[in-house]
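**Student:** So the chains spell out like this:
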Amino acid sequence: MSDTPTTAEDRLAELDLKLPTAFPPAGLYQPVKRSGRTLYVSGAVPFGADASTPVVGKVGCDLTVEQAQEAARITGLNLLAVLRDELGSLDEVAGIVKLFGMVNCAPGFTRTPEVINGCSQLLIDVFGERGRHARSAIGVAELPFGMAVEIELVAELV
Amino acid sequence: MSDTPTTAEDRLAELDLKLPTAFPPAGLYQPVKRSGRTLYVSGAVPFGADASTPVVGKVGCDLTVEQAQEAARITGLNLLAVLRDELGSLDEVAGIVKLFGMVNCAPGFTRTPEVINGCSQLLIDVFGERGRHARSAIGVAELPFGMAVEIELVAELV
Amino acid sequence: MSDTPTTAEDRLAELDLKLPTAFPPAGLYQPVKRSGRTLYVSGAVPFGADASTPVVGKVGCDLTVEQAQEAARITGLNLLAVLRDELGSLDEVAGIVKLFGMVNCAPGFTRTPEVINGCSQLLIDVFGERGRHARSAIGVAELPFGMAVEIELVAELV
Chain A
1 MSDTPTTAED RLAELDLKLP TAFPPAGLYQ PVKRSGRTLY VSGAVPFGAD ASTPVVGKVG
61 CDLTVEQAQE AARITGLNLL AVLRDELGSL DEVAGIVKLF GMVNCAPGFT RTPEVINGCS
121 QLLIDVFGER GRHARSAIGV AELPFGMAVE IELVAELV
Chain B
1 MSDTPTTAED RLAELDLKLP TAFPPAGLYQ PVKRSGRTLY VSGAVPFGAD ASTPVVGKVG
61 CDLTVEQAQE AARITGLNLL AVLRDELGSL DEVAGIVKLF GMVNCAPGFT RTPEVINGCS
121 QLLIDVFGER GRHARSAIGV AELPFGMAVE IELVAELV
Chain C
1 MSDTPTTAED RLAELDLKLP TAFPPAGLYQ PVKRSGRTLY VSGAVPFGAD ASTPVVGKVG
61 CDLTVEQAQE AARITGLNLL AVLRDELGSL DEVAGIVKLF GMVNCAPGFT RTPEVINGCS
121 QLLIDVFGER GRHARSAIGV AELPFGMAVE IELVAELV
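Chains A, B and C supply the protein sequences, listed in that same order. In case it helps, our numbering puts the first sequence at residues 1 to 158. In case it helps, our numbering puts the second sequence at residues 1 to 158. In case it helps, our numbering puts the third sequence at residues 1 to 158.
Keep in mind that the hints were calculated from the coordinates and are not lab data. Owing to the predicted nature of the structure, the values given are computational and were not obtained by experimental measurement. All residues carry an ideal CB built from backbone N, CA and C; glycine is no exception. There's no promise every hint is true.
Derived Cβ-Cβ restraints for the label pairs, each shown as a range [said to hold, decoys possible]: (1) A:T64 / C:D10: 50 to 56 Å; (2) C:E14 / A:K18: 44 to 50 Å; (3) C:V158 / B:D10: 35 to 41 Å; (4) B:E129 / A:Q67: 30 to 36 Å; (5) A:T64 / C:T6: 50 to 56 Å; (6) B:T6 / C:T6: 31 to 37 Å; (7) A:A106 / B:D10: 44 to 50 Å; (8) B:G88 / C:R37: 25 to 31 Å; (9) C:P24 / B:L17: 25 to 31 Å; (10) A:K18 / C:T64: 40 to 46 Å; (11) C:G128 / A:T21: 24 to 30 Å; (12) A:F145 / C:F145: 26 to 32 Å.
Anything over 12 Å on all C-beta distances counts as not near chain B; from chain C, calculated [unchecked claim]: (13) K18; (14) Q121; (15) R130; (16) E142; (17) L153.
Covered by chain C, according to a simulated footprint, are these stretches of chain A (three or more residues, beta-carbon under 8 Å) [unchecked claim]: (18) 30–36; (19) 133–144.
Using the sequences and the hints given, assemble the complete structure.
**Tutor:** In structure tokens, the structure reads:
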């Protein structure tokens, strides 16, 4: 299939996705830490492309499932930005291993898997089969600064 | 000790434990992902052997500690089902590395370690000393579909 | 720089830090589990040096940010105690890879990164640059026995 791009950077261009500037850590931690061939990416949040419009609020009350899915997608773009910042190119990523997705839930909101799908779909779009990952998606009481979602990622280096 | 079974599959048979059918993911993720010799198992929930009777509700309000422990044990059986599905045999597991246990808590319920013991005991019963693991056991605001517990697992391959 | 200590144990002595006795697990798990060169430390809580004065309560209601930061620092001392217990010396730690920090939040308390900084700062003080790590810091509904914070750690062996 000669028209199928095979690298993550090609896919990103084809999908016309623009990565935000990797957001500086909100505390005494690094955006990413390597251990052998494993990359641990700190919990990212939904900052927009201009880093000025985070998506805040409780899902199921302040935000709909659709808005929260979009927040998860934007969080995924932030995770990609951190990976590219660290590695120079997303093509250094052999695969996405695991997500831990946390949703800022209003009481009784339980559709957390649908929300985190917004990020998972993006990773599969960009990395293809190698982007498929293990995952948990839970509802938490509070997230830093009232963010709607926070997602942690483990990746494997080529 | 000739009467002591030495493999996990032997132990499972001796304990007369029946694994449920590995439950399909509730979103865009895989039940398990390998990275080198490490296996990451996605958060599992307490589906019964017939996959039709998940244990739902808030522990400390809808469910007692004992009922929640049993839910954690059933979740452990689901984790074993995913491992066997992936590996063909539980004997390919060198050891359980880590659990992250999440309990759907009613306000004020803090006996989360006792609840997750239901899963830890099962893993020790099946894998023996190699089943002993690191762990955290927390109370979360909401779990997917109102499940009583969700447990994530890291294992090591032989 | 002859006056700069280069090992973690030297730093600990220079900072005049006393580690608490490693606290026994509150359930069927191990304080730490090795997998290859990776060490997974179970969620630790803020027990004081005499193991008799855990910091309990909800941050933002029962406890101020400053008190919670100190609880996170004490939790860090407990994590160090577990590492030394396992390895004999903190100098066997090549680096801190990742923290997962959980804060027992009153509704509406969102300054979780500041709280977990109490632990991150300690690890950087003791391990220097090798102590810098990836991290998430979330607010959870309930922690075991009402503890103010719980922190899980991944470290790398030399």
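**Student:** Are T64 (chain A) and D10 (chain C) spaced within 50 to 56 Å by their CB atoms?
**Tutor:** holds (55 Å)
**Student:** Could you say whether the range 26 to 32 Å given as a hint is met by the Cβ separation of F145 (chain A) and F145 (chain C)?
**Tutor:** Roughly 28 Å apart at Cβ, these two residues keep to the hinted range, so it holds.
**Student:** Please count how many residues of the stretch 30–36 of chain A have a CB within 8 Å of a CB from chain C and say whether that reaches 3.
**Tutor:** Coverage by chain C holds for the stretch 30–36 of chain A (6 residues, Cβ < 8 Å).
**Student:** Cβ-Cβ distance between E129 (chain B) and Q67 (chain A): within 30 to 36 Å?
**Tutor:** The hinted range 30 to 36 Å is violated for E129 (chain B) and Q67 (chain A), with Cβ atoms some 48 Å apart.
**Student:** Does L153 (chain C) really sit off the interface, with its C-beta more than 12 Å from all C-beta atoms of chain B?
**Tutor:** Since the minimum Cβ distance to chain B is about 10 Å, L153 (chain C) lies within 12 Å and the statement is violated.
**Student:** Taking 31 to 37 Å as the stated bounds, is the beta-carbon spacing between T6 (chain B) and T6 (chain C) within them?
**Tutor:** Cβ of T6 (chain B) to Cβ of T6 (chain C): about 46 Å, so the range 31 to 37 Å is violated.
**Student:** Starting from the range 44 to 50 Å, see whether the pair A106 (chain A) and D10 (chain B) falls in it by beta-carbon distance.
**Tutor:** For A106 (chain A) and D10 (chain B) the Cβ distance comes to about 48 Å; the hint holds.
**Student:** Could one say that the CB atoms of E14 (chain C) and K18 (chain A) fall in the range 44 to 50 Å?
**Tutor:** The hinted range 44 to 50 Å holds for E14 (chain C) and K18 (chain A), with Cβ atoms some 48 Å apart.
**Student:** Is the Cβ of Q121 (chain C) more than 12 Å away from each Cβ in chain B?
**Tutor:** holds (22 Å)
**Student:** Does the hinted range 35 to 41 Å hold for V158 (chain C) and D10 (chain B) at CB?
**Tutor:** holds (37 Å)
**Student:** Should the hint that T64 (chain A) and T6 (chain C) are 50 to 56 Å apart at their CB atoms be regarded as holding?
**Tutor:** With Cβ atoms ~54 Å apart, the hint holds.
**Student:** Do the beta carbons of K18 (chain A) and T64 (chain C) sit within 40 to 46 Å of each other?
**Tutor:** holds (41 Å)
Of the numbered hints listed earlier, those contradicted by the structure are 4, 6, 16, 17.
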